[in-house]
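*Asks:* Residue numbers (our numbering), protein chains in the order written: chain A, 276 to 534; chain B, 929 to 1190.
Since the hints were made in silico from the structure, they are not lab data.
The structure displayed is predicted, hence computed values, not measured ones.
Do not take every clue at face value.
[Unchecked claim] Mimicking BS3-like on lysine-lysine, the simulated pairs with C-alpha atoms at most 25 Å apart in a straight line are:
id	chain 1	residue 1	chain 2	residue 2
1	B	Lys1173	A	Lys425
2	B	Lys1173	A	Lys493
3	A	Lys493	B	Lys1187
4	A	Lys425	B	Lys1067
5	B	Lys980	A	Lys319
6	B	Lys1186	A	Lys319
7	B	Lys1173	A	Lys516
8	B	Lys980	A	Lys305
9	B	Lys1187	A	Lys431
10	B	Lys1067	B	Lys1187
11	A	Lys474	B	Lys1067
12	B	Lys1186	A	Lys493
[Claimed, not checked] Pair by pair, the computed Cβ-Cβ distance ranges are:
id	chain 1	residue 1	chain 2	residue 2	range
13	B	Asn1106	A	Ser523	52 to 60 Å
14	A	Val321	B	Lys1125	50 to 58 Å
15	A	Gln363	B	Gly1141	58 to 66 Å
16	A	Asn406	B	Gln1117	53 to 61 Å
17	B	Glu992	A	His529	27 to 35 Å
18	B	Lys1027	A	Arg409	41 to 49 Å
19	A	Gly360	B	Glu992	51 to 59 Å
20	A	Val527	B	Phe1084	32 to 40 Å
21	B	Arg1018	A	Asp481	31 to 39 Å
All C-beta atoms, glycine included, are put in the ideal place defined by N, C-alpha and C.
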Amino acid sequence: MKNSKDKSGLFINLLSVVVFILFAFQQKQKITVYLIGDSTMADKEVIAYPETGWGMPFHYFFDSTVTVDNRAQNGRSTRTFIEEGRWQPVVNNLHEGDYVFIQFGHNDEVPTKKSYTTPADFTANLEKFVNESRSKKAIPVLITPVARRKFDANGKIEETHAEYTQLVKDVAKKLNVPLIDLDKESQELVQQFGAADSKYLYNYLDPGENPHYPDGHKDDTHFSELGARKMAEIVLHDIVKLNLGLASHIRVVHQQEKK
Amino acid sequence: MTKAKLKYGLFTCLPVGMVCLLPLLSFVLPLKKQVTIWMIGDSTMCQYDSAKFPLTGWGMPFAEYFDSSVTIENEAKGGRCTRTFIAENRWQPIIDNLKEGDYVFIQFGHNDEAKNYPDRYTTPEDYRKNLIKFITESKDKNAIPVLITPVSRMKFDVAGNAVETHAVYSKIVREVANEYKVPLIDLDQMSIQLFQKFGSKNATLLFMQLDPGENPDYPLGIYDNTHFNTYGARHIAELVLQGIKKDNLELQDRIIEKKKKN
Chain A
276 MKNSKDKSGL FINLLSVVVF ILFAFQQKQK ITVYLIGDST MADKEVIAYP ETGWGMPFHY
336 FFDSTVTVDN RAQNGRSTRT FIEEGRWQPV VNNLHEGDYV FIQFGHNDEV PTKKSYTTPA
396 DFTANLEKFV NESRSKKAIP VLITPVARRK FDANGKIEET HAEYTQLVKD VAKKLNVPLI
456 DLDKESQELV QQFGAADSKY LYNYLDPGEN PHYPDGHKDD THFSELGARK MAEIVLHDIV
516 KLNLGLASHI RVVHQQEKK
Chain B
929 MTKAKLKYGL FTCLPVGMVC LLPLLSFVLP LKKQVTIWMI GDSTMCQYDS AKFPLTGWGM
989 PFAEYFDSSV TIENEAKGGR CTRTFIAENR WQPIIDNLKE GDYVFIQFGH NDEAKNYPDR
1049 YTTPEDYRKN LIKFITESKD KNAIPVLITP VSRMKFDVAG NAVETHAVYS KIVREVANEY
1109 KVPLIDLDQM SIQLFQKFGS KNATLLFMQL DPGENPDYPL GIYDNTHFNT YGARHIAELV
1169 LQGIKKDNLE LQDRIIEKKK KN
């Protein structure tokens, strides 16, 4: 009697393992998350360390089914990214179920920069990214440009991307694209740190502190390792909040409670 | 052109030409001898798998600041004291591979001093002996040992002063360095000053301190006053790089320094 019980138990166990494996394979299709954007997102050359784009820590949070392919480049706007032939290879490589995370604005919005893109062209370029991603059955995600560190005299953070952030939101609404309002959420984070302490989030270095920046450095746009990781965490939380399929590919860690 | 003139021309041109070529060659050929920095120590120095991110040993960012003439071998291991590092046969293979001009960066103490962990604890006497062993055996191979006091834990008193957390064991490192004429990087003191500069509230930004739910790798959160995150590890690596310069080690010429702006 005991023996047959054991046998049926074994069978149920085996069955559940098989079902689990089938389920796991079906669920966990290999996907690529393409990041397209500017310097605030880009991978950095070692000589630029500790400047860190938020796409760098973003790599670490997914399970083995996800490849993060960070195509973001310093200094690029939507227009120059396309003109330099950086978008077409992404489209060519896109597979069904891949993601395209789109964060531009810093270089589009400055009229004195060579990368300047008019609001109308910015909108058209975002729509191009969205539509061409969808034509390959990939999932575009629009991200408003991450905040700069700029405070008014009362210690309140100031909006620095107002016009172009709104354009991103408009495209997201019009084409029904998942939106991560990183501009707003990063402003909240920077405000929480406050006018003085928020410099820890950005690439601030004293003279003589770091061999890569012997004169020191004060940068209110580009992040330190800390700031980049915090921004990546915001994006990650929004992936969960938006209920994107990608959320199921975030690494699950069973952390042990400290004794 | 006469033969004599030609000869004269050759004799002057050749050396002049060679002298002119030298700076060019120095770019093409690595004139610097290749050296390896062997790093021995504990969890505050070691490499971590990306699954533990943002947990970072200071040896990780440290490796990003040297030119191609330097190889970093980070042999530090979590939970190890001088005693177990030797007993587990982690030291002998390094000695076997040491070459003339190599460096050995030695940073222990966190586990040696932990009396509550008998499997880690090393008495002050044995700690001293083990440091001396690392030094003399390195020197026997014409390598350059560098002693590093254990990087501080984060501890502030009620007045907000960063306080010493390794008093006994750091003192031993300083004494041994002095006695054996070994370059010393007093990372314990330097890191205390760093924490002080950040202050008691902001120094937490350097450590593995994550709120529950903030980071998927640590869903329950973590409040660790010993181990560094990416940001903290880089700051500690910067202190060690500064120590290399302060000690005027030959190694400083191999640190990649971006040109100062005029």
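*Asks:* Next step is simple, just say for each hint if it's right about the structure.
*Replies:* Now the hints, each set against the structure:
no. : hint                             : result
1   : B:Lys1173 x A:Lys425             : violated (36 Å)
2   : B:Lys1173 x A:Lys493             : holds (24 Å)
3   : A:Lys493 x B:Lys1187             : holds (17 Å)
4   : A:Lys425 x B:Lys1067             : violated (54 Å)
5   : B:Lys980 x A:Lys319              : holds (21 Å)
6   : B:Lys1186 x A:Lys319             : holds (15 Å)
7   : B:Lys1173 x A:Lys516             : violated (49 Å)
8   : B:Lys980 x A:Lys305              : holds (22 Å)
9   : B:Lys1187 x A:Lys431             : violated (36 Å)
10  : B:Lys1067 x B:Lys1187            : violated (34 Å)
11  : A:Lys474 x B:Lys1067             : violated (44 Å)
12  : B:Lys1186 x A:Lys493             : holds (16 Å)
13  : B:Asn1106 x A:Ser523: 52 to 60 Å : holds (58 Å)
14  : A:Val321 x B:Lys1125: 50 to 58 Å : violated (26 Å)
15  : A:Gln363 x B:Gly1141: 58 to 66 Å : violated (39 Å)
16  : A:Asn406 x B:Gln1117: 53 to 61 Å : holds (60 Å)
17  : B:Glu992 x A:His529: 27 to 35 Å  : holds (32 Å)
18  : B:Lys1027 x A:Arg409: 41 to 49 Å : violated (58 Å)
19  : A:Gly360 x B:Glu992: 51 to 59 Å  : violated (31 Å)
20  : A:Val527 x B:Phe1084: 32 to 40 Å : holds (35 Å)
21  : B:Arg1018 x A:Asp481: 31 to 39 Å : holds (36 Å)
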